[in-house]
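Could you build the full structure based on these sequences and the hints that come with them?
If you want the building blocks of each chain, they are given just below.
Number of protein chains: 2
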Amino acid sequence: MTKQISFNLFEMNTVGHISHGLWVHPSNTRHQFNDLDFWIAEAKLLEEGLFDSVFLADVIGTYDGYRAGPETALREAVQIPSNDPLLVIPAMASVTSKLGFAATFSTTYEPPFAFARRASTLDHLTKGRFGWNIVTSYLPNAARNFSLDDEVAHDDRYAIAEEYLDVLYKLWEGSWDDDAVVRDRDNHVYTDPSKVRYINHVGEHYKVAGPHLSEPSLQRTPVLFQAGSSARGKAFAARHAEGVFVGGTTLESYAKNIADIRQLAEENGRGRDHVKTFASAVIVVDKDRESALAKAEEYKRLSRAEGYLAHAGGGGIDLAAYPKDALIADILAAENRAGRDNSPENRRYAPGATVGEALERLTNFDQSAFYVAGSPTEVADAIENWVATTDLDGFNLRQFLTPGSAEDFIEYVIPELQRRGLYRTAYGESTLRERLFGAGQQRLFDEHPGARYRGGAHLNDAALPNDAAQDAAAAELGERAS
Amino acid sequence: MTKQISFNLFEMNTVGHISHGLWVHPSNTRHQFNDLDFWIAEAKLLEEGLFDSVFLADVIGTYDGYRAGPETALREAVQIPSNDPLLVIPAMASVTSKLGFAATFSTTYEPPFAFARRASTLDHLTKGRFGWNIVTSYLPNAARNFSLDDEVAHDDRYAIAEEYLDVLYKLWEGSWDDDAVVRDRDNHVYTDPSKVRYINHVGEHYKVAGPHLSEPSLQRTPVLFQAGSSARGKAFAARHAEGVFVGGTTLESYAKNIADIRQLAEENGRGRDHVKTFASAVIVVDKDRESALAKAEEYKRLSRAEGYLAHAGGGGIDLAAYPKDALIADILAAENRAGRDNSPENRRYAPGATVGEALERLTNFDQSAFYVAGSPTEVADAIENWVATTDLDGFNLRQFLTPGSAEDFIEYVIPELQRRGLYRTAYGESTLRERLFGAGQQRLFDEHPGARYRGGAHLNDAALPNDAAQDAAAAELGERAS
Numbered sequence: 001m002t003k004q005i006s007f008n009l010f011e012m013n014t015v016g017h018i019s020h021g022l023w024v025h026p027s028n029t030r031h032q033f034n035d036l037d038f039w040i041a042e043a044k045l046l047e048e049g050l051f052d053s054v055f056l057a058d059v060i061g062t063y064d065g066y067r068a069g070p071e072t073a074l075r076e077a078v079q080i081p082s083n084d085p086l087l088v089i090p091a092m093a094s095v096t097s098k099l100g101f102a103a104t105f106s107t108t109y110e111p112p113f114a115f116a117r118r119a120s121t122l123d124h125l126t127k128g129r130f131g132w133n134i135v136t137s138y139l140p141n142a143a144r145n146f147s148l149d150d151e152v153a154h155d156d157r158y159a160i161a162e163e164y165l166d167v168l169y170k171l172w173e174g175s176w177d178d179d180a181v182v183r184d185r186d187n188h189v190y191t192d193p194s195k196v197r198y199i200n201h202v203g204e205h206y207k208v209a210g211p212h213l214s215e216p217s218l219q220r221t222p223v224l225f226q227a228g229s230s231a232r233g234k235a236f237a238a239r240h241a242e243g244v245f246v247g248g249t250t251l252e253s254y255a256k257n258i259a260d261i262r263q264l265a266e267e268n269g270r271g272r273d274h275v276k277t278f279a280s281a282v283i284v285v286d287k288d289r290e291s292a293l294a295k296a297e298e299y300k301r302l303s304r305a306e307g308y309l310a311h312a313g314g315g316g317i318d319l320a321a322y323p324k325d326a327l328i329a330d331i332l333a334a335e336n337r338a339g340r341d342n343s344p345e346n347r348r349y350a351p352g353a354t355v356g357e358a359l360e361r362l363t364n365f366d367q368s369a370f371y372v373a374g375s376p377t378e379v380a381d382a383i384e385n386w387v388a389t390t391d392l393d394g395f396n397l398r399q400f401l402t403p404g405s406a407e408d409f410i411e412y413v414i415p416e417l418q419r420r421g422l423y424r425t426a427y428g429e430s431t432l433r434e435r436l437f438g439a440g441q442q443r444l445f446d447e448h449p450g451a452r453y454r455g456g457a458h459l460n461d462a463a464l465p466n467d468a469a470q471d472a473a474a475a476e477l478g479e480r481a482s
Numbered sequence: 001m002t003k004q005i006s007f008n009l010f011e012m013n014t015v016g017h018i019s020h021g022l023w024v025h026p027s028n029t030r031h032q033f034n035d036l037d038f039w040i041a042e043a044k045l046l047e048e049g050l051f052d053s054v055f056l057a058d059v060i061g062t063y064d065g066y067r068a069g070p071e072t073a074l075r076e077a078v079q080i081p082s083n084d085p086l087l088v089i090p091a092m093a094s095v096t097s098k099l100g101f102a103a104t105f106s107t108t109y110e111p112p113f114a115f116a117r118r119a120s121t122l123d124h125l126t127k128g129r130f131g132w133n134i135v136t137s138y139l140p141n142a143a144r145n146f147s148l149d150d151e152v153a154h155d156d157r158y159a160i161a162e163e164y165l166d167v168l169y170k171l172w173e174g175s176w177d178d179d180a181v182v183r184d185r186d187n188h189v190y191t192d193p194s195k196v197r198y199i200n201h202v203g204e205h206y207k208v209a210g211p212h213l214s215e216p217s218l219q220r221t222p223v224l225f226q227a228g229s230s231a232r233g234k235a236f237a238a239r240h241a242e243g244v245f246v247g248g249t250t251l252e253s254y255a256k257n258i259a260d261i262r263q264l265a266e267e268n269g270r271g272r273d274h275v276k277t278f279a280s281a282v283i284v285v286d287k288d289r290e291s292a293l294a295k296a297e298e299y300k301r302l303s304r305a306e307g308y309l310a311h312a313g314g315g316g317i318d319l320a321a322y323p324k325d326a327l328i329a330d331i332l333a334a335e336n337r338a339g340r341d342n343s344p345e346n347r348r349y350a351p352g353a354t355v356g357e358a359l360e361r362l363t364n365f366d367q368s369a370f371y372v373a374g375s376p377t378e379v380a381d382a383i384e385n386w387v388a389t390t391d392l393d394g395f396n397l398r399q400f401l402t403p404g405s406a407e408d409f410i411e412y413v414i415p416e417l418q419r420r421g422l423y424r425t426a427y428g429e430s431t432l433r434e435r436l437f438g439a440g441q442q443r444l445f446d447e448h449p450g451a452r453y454r455g456g457a458h459l460n461d462a463a464l465p466n467d468a469a470q471d472a473a474a475a476e477l478g479e480r481a482s
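These protein sequences, in sequence, are chains A and B. Number 450 in the numbering used here belongs to position 450 of the first sequence; there are no gaps in the numbering. Number 457 in the numbering used here belongs to position 457 of the second sequence; there are no gaps in the numbering.
It should be emphasised that the hints constitute simulated quantities derived from the structure, not laboratory data. A couple of the hints might just be wrong.
It does not matter which identical chain is meant; a pair holds if it fits inside one copy or across any two.
[Stated by the list, open to error] No farther apart than 16 angstroms at their CA atoms in a straight line, the calculated lysine to aspartate or glutamate pairs in the EDC-like style are these:
1. Lys207 with Asp150
2. Lys207 with Glu110
3. Lys287 with Asp446
4. Lys127 with Asp37
5. Lys195 with Glu71
6. Lys324 with Glu357
7. Lys44 with Asp178
8. Lys98 with Glu47
9. Lys207 with Glu297
Right, here's the structure in full:
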């Protein structure tokens with residue numbers, strides 16, 4: 001079976017997202033991220049390259065764990081300065097008609113009613129091209145920016161996230177019927193009031209009356225992405241996510257995690273193929289192997305270990321504060337952080353590893369299971385093998401240089417993947433969900449938990465999902481996966 | 001003295017903002033508000049017309065007070081469906097270089113840290129063209145969308161707003177120095193960490209650590225608009241606002257209120273001319289008087305009393321539920337709502353009026369003190385007289401039709417105002433604050449309370465302003481104004 005592979009550009013509204021140190025490269029335009037022109041040029045480039053979407057990461061705090069302060073993150077431009085990710089999408093959408101937009105937003109600190117309307121607004125403005133990367137946040141500094149003394153405990157964040165999603169589904173799916181807006185000029189009826197309703201959500205964390213303020217957009221619920229790597233995170237993803245960023249260290253562990261997610265999705269009453277799986281791809285390509293390896297050497301030379309250490313120290317451990325032979329697992333236990341669910345870009349602590357190994361891994365981009373540097377043929381071979389071995393559906397392409405990394409991929413890799421039938425040669429349908437799941441699938445699958453509120457059904461039921469059931473499922477998966 | 005008059009287009013990301021019923025007009029494009037093309041076309045038109053800015057109102061709830069439900073608001077499209085106002089700005093900014101953007105956002109329900117970054121992002125993306133209309137919200141349904149049972153009491157909302165502004169000023173003005181971002185490629189220093197700091201705000205309502213995530217934008221603090229009409233609201237405006245929407249019923253009462261605001265600004269240590277004053281202008285113009293009057297008749301014929309009643313009932317009183325000779329003041333007292341501070345578009349209850357008079361006033365757009373229908377000359381005469389009599393600096397132009405009302409104004413009124421030296425013939429500086437206050441004034445005036453945090457000064461002071469002092473000032477103004 002030949003399946004076409006999805007590619008998103010991995011982005012963030014900041015200078016240094018995950019390739020720390022590279023901002024100094026003379027061809028890198030990252031420092032122009034404050035300008036609309038930067039984003040407009042990128043959108044045009046990606047649509048030219050037939051990318052699935054631009055995938056915008058985000059954090060709402062500073063990485064100030066390393067050396068007990070924000071100095072290194074500031075000096076190395078590690079995700080600071082940074083701007084809001086949602087606000088670049090309308091301008092990028094205005095110069096494209098097919099490119100998707102997935103943006104990160106946390107369920108922990110801001111009220112669901114406001115986010116529901118922002119997401120619906122973006123789905124309207126993009127005509128159904130909006131996706132949401134659901135995170136629960138993990139930076140201690142983020143908590144302190146939102147009136148808390150420290151992070152909400154990991155499992156509590158997921159309980160809040162469950163209720164948050166429940167509120168959003170009610171607003172997006174249940175509050176307005178498809179045919180509510182009638183625009184009957186003769187009778188002066190814009191909306192048929194019998195087809196719009198309050199949601200009257202009352203839960204442990206939120207009370208939300210509704211009705212939703214936005215009329216139904218093409219997708220209603222944006223395409224839902226998530227990256228849980230803990231047992232609880234995986235259970236959440238298997239229940240809600242339509243695109244999952246899978247964790248792993250080897251092709252085999254990715255394959256196992258992907259099989260687990262599909263299995264758990266099925267146990268949640270969803271199709272195995274209702275979840276698309278993604279990972280970060282670290283690709284250095286040029287016209288031939290020699291040029292690509294030289295390019296990779298240049299990227300390594302410009303990489304800044306201090307930047308990576310600040311990044312790692314923000315969400316987890318200050319690796320500089322421990323001896324190199326200390327076990328990560330012991331440090332996590334001592335800091336009572338074993339349950340932390342780090343962000344996709346920060347999931348670097350293999351529990352059996354030593355500090356020295358973790359340092360090696362996080363400061364060297366070639367340690368990824370999805371790293372390749374080589375000629376177009378070699379890169380395409382690697383990608384083909386990754387997908388065949390793991391059952392992955394697609395990748396977030398890491399950028400070393402903007403726009404260089406995307407340009408290289410478009411110039412060298414896409415034509416080779418197209419020759420092999422592994423990459424689209426033209427866009428089909430324009431909504432993001434249809435791109436992932438095929439023509440006609442603008443809306444959530446009927447089996448998705450958000451779909452139960454359609455037509456206003458179940459709005460008065462007790463909150464779902466049942467936490468106990470959720471915890472049991474998570475524990476079961478945890479046993480299988482560990 | 002001839003001063004040039006500011007004009008903003010009064011807008012909202014919705015079908016029916018304040019001209020209820022007009023959506024049925026065949027040339028009205030309001031029903032296309034979900035589309036980017038609608039906003040892009042409007043931005044181009046307004047920049048062609050040399051408008052100061054587009055001014056986006058907002059509410060975060062539904063008008064469901066009238067007839068005890070949202071049915072009328074839905075049927076008549078009274079500010080529902082509606083979308084987020086901030087998200088149309090980036091696309092409008094991408095096709096303009098001078099037009100300003102002022103958007104409404106409430107201080108009551110969402111955390112200040114997130115809004116601080118969104119505002120900075122917009123000021124970056126627009127290159128200093130962003131303004132913020134500060135509201136504290138007034139719809140009971142809005143409160144119920146944000147986990148509350150009913151509105152926060154009026155004076156408590158202002159206390160929250162004071163602290164909210166204090167947090168924002170610390171983030172916008174105090175957290176980063178102007179020269180913090182150095183981009184020293186040779187030494188791998190993006191930001192000089194010694195020039196960025198935590199704000200460590202600890203107040204009654206918020207704890208916010210910082211640092212701000214965005215680097216300084218051209219204006220830092222967006223241009224601050226506000227529309228307080230209560231004594232407390234006026235005191236707030238005199239302290240914080242750079243553009244004030246003034247209340248009134250006659251030209252004389254406007255003149256008095258404007259003089260009061262300027263006086264109170266001066267008592268707050270600000271210049272009398274550091275506050276620009278605005279009101280809504282209701283203008284129907286055509287090539288000659290006869291055509292304009294015919295147009296006004298058509299607008300009246302299409303106006304829907306039910307829409308206006310739903311609008312009025314959302315924030316205040318269900319006028320349909322009282323006899324026509326009941327006094328508004330008695331109803332307000334009975335409902336314990338005397339302290340309510342309604343939004344600019346909902347300030348329709350003259351306390352001495354009866355229900356019948358209020359009905360008459362709110363369903364008839366020609367009851368405004370700033371209403372004129374006539375030839376270009378007649379309209380320009382009226383505007384000139386309004387400004388001369390009241391000392392107003394500018395107007396928000398009410399739309400009956402989109403794009404018709406703005407097109408009419410550009411075609412018929414602007415050339416006449418230009419001939420009289422009352423309207424610019426070209427844009428000067430491109431930041432919004434410079435447009436209002438002159439070249440070089442990109443930042444807050446030094447006397448503005450936000451300016452005190454520059455360079456990180458005063459971050460550790462006790463919260464300002466002192467509530468008791470604020471209350472005393474408000475009471476004093478209240479006595480003078482009533």
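Going through the hints against the structure:
Taking the closest pair of Cα atoms, Lys207 and Asp150 come within 16 angstroms of each other only across two copies (11 angstroms); inside a single copy the shortest separation is 24 angstroms, beyond that limit. Proximity of Lys207 to Glu110 under the C-alpha cut-off of 16 angstroms is found in both arrangements, the shortest distances being 13 angstroms within a copy and 15 angstroms between copies. Within a single copy, Lys287 and Asp446 get their C-alpha atoms no closer than 46 angstroms, and across copies no closer than 57 angstroms, so neither meets the 16 angstroms cut-off. Within a single copy, Lys127 and Asp37 get their C-alpha atoms only as close as 22 angstroms, which misses the 16 angstroms cut-off; across copies the closest is 11 angstroms, which meets it.
In this assembly of identical chains, Lys195 and Glu71 lie within 16 angstroms of each other by CA distance solely across copies; the values are 10 angstroms between and 54 angstroms within a copy. Taking identical chains as interchangeable, the C-alpha atoms of Lys324 and Glu357 lie at most 16 angstroms apart only when both belong to the same chain, with a minimum of 8 angstroms there against 81 angstroms between chains. Neither within a single protomer nor between protomers do Lys44 and Asp178 lie at most 16 angstroms apart by alpha-carbon distance, with minima of 32 angstroms and 33 angstroms respectively. Taking the shortest alpha-carbon separations for Lys98 and Glu47, only the intra-copy value of 7 angstroms comes in at or below 16 angstroms, while the best inter-copy value is 29 angstroms.
Taking the shortest alpha-carbon separations for Lys207 and Glu297, neither the intra-copy value of 54 angstroms nor the inter-copy value of 45 angstroms comes in at or below 16 angstroms.
This entry does not satisfy hints 3, 7 and 9, going by the numbered hints stated previously.
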